[in-house]
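Asker: Read off the chains here:
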Amino acid sequence: MVGKNCFAIASDRRLGVQLQTIATDFQRVFKIHDKLYIGLSGLATDAQTLYQRLVFRHKLYQLREERDMKPETFASLVSAMLYERRFGPYFCQPVIAGLGENDEPFICTMDCIGAKELAKDFVVSGTSSESLYGACESMYKPNMEPEELFETVSQALMASVDRDCLAGWGGHVFIVTPTEVQERVVKGRMD
Amino acid sequence: MGDSQYSFSLTTFSPSGKLVQIEHALTAVGSGQTSLGIKASNGVVIATEKKLPSILVDETSVQKIQALTPNIGVVYSGMGPDFRVLVRKSRKQAQQYYRLYKEHIPVTQLVRETAAVMQEFTQSGGVRPFGVSLLIAGYDDNGPQLYQVDPSGSYFSWKASAMGKNVSNAKTFLEKRYTEDMELDDAIHTAILTLKEGYEGQISSNNIEIGVIRSDREFRVLSPAEIKDFLEEVE
Chain A
1 MVGKNCFAIA SDRRLGVQLQ TIATDFQRVF KIHDKLYIGL SGLATDAQTL YQRLVFRHKL
61 YQLREERDMK PETFASLVSA MLYERRFGPY FCQPVIAGLG ENDEPFICTM DCIGAKELAK
121 DFVVSGTSSE SLYGACESMY KPNMEPEELF ETVSQALMAS VDRDCLAGWG GHVFIVTPTE
181 VQERVVKGRM D
Chain B
1 MGDSQYSFSL TTFSPSGKLV QIEHALTAVG SGQTSLGIKA SNGVVIATEK KLPSILVDET
61 SVQKIQALTP NIGVVYSGMG PDFRVLVRKS RKQAQQYYRL YKEHIPVTQL VRETAAVMQE
121 FTQSGGVRPF GVSLLIAGYD DNGPQLYQVD PSGSYFSWKA SAMGKNVSNA KTFLEKRYTE
181 DMELDDAIHT AILTLKEGYE GQISSNNIEI GVIRSDREFR VLSPAEIKDF LEEVE
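As you go down the protein sequences, you meet chains A and B in turn. FYI, in the UniProt record's numbering the residues of the first sequence are 1 to 191. FYI, in the UniProt record's numbering the residues of the second sequence are 1 to 235.
These are computed hints drawn from the structure, not numbers from a lab. This structure is a prediction, so every number in the text was calculated from the model and none was measured. Warning: the hint list may mix true and false statements.
20 Å max Cα-Cα, derived SDA-like pairs, lysine to any residue [as the list claims (entries may be wrong)]:
#, chain 1, residue 1, chain 2, residue 2
1, B, K176, B, S41
2, B, K102, A, E101
3, B, K102, A, E104
4, B, K102, A, I113
5, B, K102, A, G100
6, A, K70, B, E103
7, A, K116, B, R99
8, B, K102, A, M81
9, B, K102, A, L118
10, A, K70, B, K89
11, A, K116, A, R85
12, A, K70, B, F121
13, A, K59, B, D181
14, A, K59, B, T108
15, A, K116, B, L100
16, A, K59, B, L100
17, B, K102, A, P146
18, B, K102, A, E65
19, B, K165, B, Q202
20, B, K176, B, W158
21, B, K102, A, E72
22, B, K102, A, Q62
23, B, K102, A, E66
24, B, K196, B, E232
25, A, K116, B, K176
26, A, K120, A, T73
27, A, K59, A, F26
28, B, K50, B, E23
29, A, K59, B, K102
30, B, K18, B, G126
31, B, K102, A, G114
32, B, K50, B, S204
33, A, K70, B, Y98
34, A, K59, B, Y98
35, A, K70, B, Y97
36, B, K89, B, K165
37, A, K70, B, D141
Counterexamples of contact, computed for chain B against chain A with all Cβ distances above 10 Å [what the hints assert, rightly or not]:
#, residue
38, L56
39, Q63
40, R99
Quick reminder that beta carbons are idealized off the backbone N, C-alpha and C, glycines included.
Given these sequences and hints, build the entire structure.
Answerer: In structure tokens form, the structure reads like this:
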């Protein structure tokens, strides 16, 4: 979700195989560089492998070009990588959030074969995506400061995953501003 | 003297540690038509002689300066056909970068990849090095840039450089006239004067080619009419 010169990216913490909960501290939001984060929902193994591959590509990019990747460029890279596997895809929906040129927030999501969807306010993915769309739509306001943004994102996330039996067990929220990153674990219903 | 025994094969070092084929490639470049480039504070200019073998040749069909991307251009000294192959490969690499990142390739990256291609041809079986040196001029987020790439695959960034037949005179002339804060129009005048220095015969708007890139990041080859204007200013 986009705020004023900042963005928030959040996920739930459940890792499960259908009805069985395997872990309650699973990390789904990953850092690419200080101002670029990616959240990967879907199949856990694909999320981890895709993340490792992206970090690999980004590190090479950093070494060759001596600079960090811009969020828009990174989104194009993810989209290209996903489409390379068009007929045997990664079962992941990424959510990409970053601060671009002049620290302008940038967010986008894509489907598992790389169809990019840019947004100015919020993007969602995962099993609770429909609830999340509803919650975000009603709770979102433009130009929120980091503290207010954190409240809004946490409320929207908790409200949506509570209605989803496959998601929950707390929330993990990152608030990223040009100067710092705040990482907070949100306590929710543990069921 | 022992070197000449090793000049047959590209992939064999001579006892003095040289790859003689690359030396020969540089000789081929050195006998090509003069070309030069100057990096100004707000752009880059590249220029070359366009001496045609006969007056019957249609000079509008000869294009020695080519654009690799909308904001990067290149000129060469040496063998024309080798140049065309490199231009094709470089353009493809630039487009592949764009397809992946939806961002125009930075000048240094394109130079690196072109140099890597040229190096490949110095370490493979059954091929010969490219008989061209390139001057790649571009304008990206790091400002105006000018690079020279040699047949060996080594590349250097230059403030001003020349290659080809008249290289030593041209470089001396450029050394004397180059200033750090030169503007592009001054650089174009200097480029024309440098070409004039070593030109056998009368220089005109039809027998030189000039390419410029300004801060608008659009690489353009100047038309004969525009070259004529600059020539008149120089006279």
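Asker: Hints first: check each against the structure and report whether it holds.
Answerer: Structure-based check of all given hints:
1. B:K176 / B:S41: Since the Cα atoms of K176 (chain B) and S41 (chain B) sit roughly 17 Å apart, the hinted pair holds (cutoff 20 Å).
2. B:K102 / A:E101: holds (15 Å)
3. B:K102 / A:E104: holds (18 Å)
4. B:K102 / A:I113: holds (17 Å)
5. B:K102 / A:G100: holds (15 Å)
6. A:K70 / B:E103: holds (10 Å)
7. A:K116 / B:R99: holds (14 Å)
8. B:K102 / A:M81: holds (13 Å)
9. B:K102 / A:L118: Holds: K102 (chain B) and L118 (chain A) sit about 15 Å apart, inside 20 Å.
10. A:K70 / B:K89: violated (27 Å)
11. A:K116 / A:R85: holds (15 Å)
12. A:K70 / B:F121: Answer violated: K70 (chain A) to F121 (chain B) is near 34 Å, above 20 Å.
13. A:K59 / B:D181: Answer violated: K59 (chain A) to D181 (chain B) is near 36 Å, above 20 Å.
14. A:K59 / B:T108: holds (18 Å)
15. A:K116 / B:L100: Distance of about 14 Å is within 20 Å: holds.
16. A:K59 / B:L100: holds (16 Å)
17. B:K102 / A:P146: violated (30 Å)
18. B:K102 / A:E65: Given pair K102 (chain B), E65 (chain A) holds - Cα atoms ~15 Å apart, limit 20 Å.
19. B:K165 / B:Q202: Holds, at about 17 Å.
20. B:K176 / B:W158: Between K176 (chain B) and W158 (chain B) the Cα gap is close to 15 Å, so the pair holds against 20 Å.
21. B:K102 / A:E72: holds (8 Å)
22. B:K102 / A:Q62: holds (17 Å)
23. B:K102 / A:E66: Measuring from Cα to Cα gives roughly 18 Å; hence the hint holds.
24. B:K196 / B:E232: holds (13 Å)
25. A:K116 / B:K176: Distance of about 54 Å is beyond 20 Å: violated.
26. A:K120 / A:T73: holds (17 Å)
27. A:K59 / A:F26: Distance ~24 Å between K59 (chain A) and F26 (chain A) Cα, so the pair is violated.
28. B:K50 / B:E23: Roughly 25 Å separates the two Cα atoms, so the pair is violated.
29. A:K59 / B:K102: holds (18 Å)
30. B:K18 / B:G126: holds (19 Å)
31. B:K102 / A:G114: Roughly 14 Å separates the two Cα atoms, so the pair holds.
32. B:K50 / B:S204: Holds, because 10 Å separates the two Cα atoms, which is no more than 20 Å.
33. A:K70 / B:Y98: holds (14 Å)
34. A:K59 / B:Y98: It holds: about 19 Å lies between the C-alpha atoms, which stays within 20 Å.
35. A:K70 / B:Y97: holds (15 Å)
36. B:K89 / B:K165: Since the Cα atoms of K89 (chain B) and K165 (chain B) sit roughly 26 Å apart, the hinted pair is violated (cutoff 20 Å).
37. A:K70 / B:D141: Holds, at roughly 13 Å.
38. L56: Answer for L56 (chain B): holds, closest chain A Cβ roughly 48 Å.
39. Q63: Correct as stated: the minimum Cβ-Cβ distance to chain A is 31 Å, above 10 Å.
40. R99: Per Cβ check, R99 (chain B) is inside 10 Å of chain A; nearest 7 Å; violated.
Going down the numbered hints, you'll see the structure goes against 10, 12, 13, 17, 25, 27, 28, 36 and 40, while the others check out.
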